[in-house]
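A.B. asks: Here are the chains, one letter per residue:
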Amino acid sequence: MIGRRFRRALDERGLGQPSAEQADRWIIDELTSLRGQIPYEIDVRRRVMIEIERLVPQDRHEVPAWQLGWATAIVGVGAIVLLALLWGSWPEWRTGVENGFALMRGLAEVSVTLAGLLLSLLSLPFKMLAGLRDLLIEVPSMASRVKPFAVVGVALCYLIMTGTIVGVVGRDLRYPATTPTRED
Amino acid sequence: MEDRATQDHGLVDSTLRGDRQAFGELVERYQRLVASVAWRYGIGQMEIEDVVSEVFVKAYRNLHRFRPEHAFSTWLYRLAINHAIDHTRRQRKEQGRTEMPQSLPDPAPTAGEGVESGERATLVRSALAKLKAHYRDVLFLVYVEGLKIEEVAGVLGLPQGTVKTRLMRGREAMRRALVSRHPEYFGGQR
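Residue numbers (my numbering), protein chains in the order written: chain Y, 28 to 211; chain P, 31 to 220.
Here chain Y stands alone, though its shape is the one from the complex (with noise of 0.2 Å):
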């Protein structure tokens, strides 16, 4: 105790080991020195706003008059030329009306056995609760097969519990526990 106060008033006048508060004092300081402001300029304003207009989408123009004129002139031409190329190679009426009935035909076809199969895809989970209420209606003629087994496995626990009561609450009441003394 002695020693500790003689340390401490050493270390108060600077003239022995420094103490730990005396560290952790050093140690803030030295942190709290660090504040302050950055000791040149800088100007960044120039930078962020270049930054920032990429950022921005860039605004669209609008479309001048002739340029839309032109546009539609070579679409127009162009549609015209495909339509006449096409023209020529045109399969006859006939042909295609004979052509297009098929086709339905065959999209029906396709049609009648996607639907079946998407009935039968429907009808699974139903098949599935019909096999669980099934499963169920047999559990109970089950359980009545174990009934007597039930009955006793139960009276025998109760008879393992009530035998292991009566035996630890006759040896406390036959021999009581001693009071812990608390050790210091």
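Keep in mind the hints are simulated off the structure, nothing from the lab.
All residues carry an ideal CB built from backbone N, CA and C; glycine is no exception.
Pairs of lysine to any residue, SDA-like flavour, derived with a Cα cap of 25 Å:
(1) Lys88/P / Arg74/Y
(2) Lys160/P / Arg70/P
(3) Lys178/P / Ile55/Y
Label pairs and their calculated CB-CB ranges:
(4) Ile77/Y / Arg108/P: 24 to 30 Å
(5) Gly63/Y / Arg108/P: 16 to 22 Å
(6) Asp49/P / Gly63/Y: 29 to 35 Å
(7) Glu149/P / Ile77/Y: 44 to 50 Å
Given the structure of chain Y, go ahead and fit chain P onto it with the hints provided.
C.D. replies: What follows is chain P alone, placed relative to chain Y:
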């Protein structure tokens, strides 16, 4: 005459309405504040302009999240601190070492400080640089940035209790490291 916070809110509103020059005005006003945070975190002069620009671009992108109940400077300051922390961590990871950049700001010694004090200062800064990141961040924010515990908790997204524990353990870890390595300066006993 309007106070600074009201003017800031006006500039934020203008920016959100598409006036980019208004944001330029905010950059002009607060670039020194952001740069000082980066500088205190030991970010070197070569990188500091990059970091400050990144903070302002981030602020611009997230300006719609700024709530006018708070001062713009506080919001920006927190953004700057988080960015500085991320930057120093990323830099450390890239350099594959566990130290902070060696360019930790060197405070000018005050009149009357002796050689021993100067050496002690160097040792403390070196120990801080070697401290685990989660302790160092808390020590930095509390002692260097001068934030309150609840503010630090807000910046780092931690419960106040955790901040207090880290502050205590960080200080203890620093003291232990300094005492064991340099008992001649920091004493040998508790």
